[in-house]
Every structure is written in C-alpha cells, then in structure tokens.
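Trainee: Let the sequences and hints guide you as you build the complete structure.
Once you know that position 28 of the sequence shown is 30 in our numbering, the rest is easy, because the numbers rise by one and skip nothing.
Hints listed in this document are in silico derivations from the structure and should not be mistaken for laboratory results.
Incorrect hints may have been included.
The calculated label-pair distances, taken between Cβ atoms and stated as ranges, are [as the list claims (entries may be wrong)]:
1. 36 to 73: 35 to 41 Å
2. 13 to 51: 25 to 31 Å
3. 30 to 74: 28 to 34 Å
4. 39 to 77: 29 to 35 Å
5. 64 to 33: 21 to 27 Å
6. 76 to 50: 36 to 42 Å
7. 45 to 74: 22 to 28 Å
8. 41 to 10: 44 to 50 Å
9. 74 to 23: 23 to 29 Å
10. 11 to 40: 41 to 47 Å
Note that this is a predicted model, so its numbers are computed, not measured.
Even for Gly, the Cβ is constructed at its ideal location relative to N, Cα and C.
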Amino acid sequence: MRNDIENQPAKINKLIRIAVLLALAGMVLVLLFLIAGFKAWSVGLGVFLGMPLMLAGVILYVFAVLRDLRIRNVLDEE
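Mentor: Dropping the structure here:
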C-alpha cells in the first residue's frame with residue numbers, strides 16, 4: 003500500500019507536465035492567430051485547435067490537482 007502511494011506523485015507530475023504542454027501549445031496557436039490576423043488558416047489553427055488544447059490542458063491540470071489532494075487526504079469528508 004505504501005509503495006502505491008509513493009508512485010502516485012510521479013503519475014501526478016506526469017499529468018501536470020502533459021497539462022502544461024497542452025496549454026502552452028494551445029497558447030502558441032492562439033498567439034499565432036492573433037499575430038497573423040483574422041485569416042482563414044489562422045482562425046482554423048488558433049480557434050479550432052488552440053482553444054480546445056488550452057481547455058484540455060486546464061481540465062487535465064484540475065484533474066491532477068484534485069487527484070493529488072485526494073491522495074494526501076485533504077479532501078476527506080470527515
């Protein structure tokens with residue numbers, strides 16, 4: 003049981019790294035959209051690809067934080 007708890011932070015760190023990379027990729031695509039102007043290709047990349055990547059990054063980050071709080075028994079109901 004103790005070994006399983008010790009392995010959890012590595013999984014959470016991996017989730018946070020993935021979340022940060024997704025959010026950064028989304029922000030770069032949105033920045034490209036803002037710099038290039040409202041052209042068809044930049045709207046496709048910035049809005050239709052960049053925004054979902056940023057949203058996925060934020061959701062994954064919240065999931066990782068909640069998972070870490072549950073492991074550390076911060077979110078106990080007692």
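Trainee: Are residue 74 and residue 23 spaced within 23 to 29 Å by their CB atoms?
Mentor: 24 Å, holds
Trainee: Against the range 21 to 27 Å, how does the distance between the Cβ atoms of residue 64 and residue 33 compare: consistent or not?
Mentor: 23 Å, holds
Trainee: Check the following: the C-beta atoms of residue 76 and residue 50 are separated by a distance inside 36 to 42 Å.
Mentor: 37 Å, holds
Trainee: Against the range 25 to 31 Å, how does the distance between the Cβ atoms of residue 13 and residue 51 compare: consistent or not?
Mentor: At 27 Å between Cβs, range holds.
Trainee: Does the Cβ pair residue 36, residue 73 satisfy 35 to 41 Å?
Mentor: 39 Å, holds
Trainee: Is the hinted range of 44 to 50 Å satisfied by the C-beta distance from residue 41 to residue 10?
Mentor: 45 Å, holds
Trainee: Quick one: are residue 11 and residue 40 within 41 to 47 Å, going by C-beta?
Mentor: 44 Å, holds
Trainee: Confirm or reject the claim that residue 45 and residue 74 have a C-beta distance inside 22 to 28 Å.
Mentor: Violated, since residue 45 and residue 74 (Cβ atoms, about 43 Å apart) do not stay within the stated range.
Trainee: Given a hint of 29 to 35 Å, does the C-beta separation of residue 39 and residue 77 actually sit inside it?
Mentor: 45 Å, violated
Trainee: Is 28 to 34 Å a correct range for the gap between the Cβ atoms of residue 30 and residue 74?
Mentor: 33 Å, holds
Checked against the numbered hints above, the structure breaks hints 4 and 7 and satisfies the rest.
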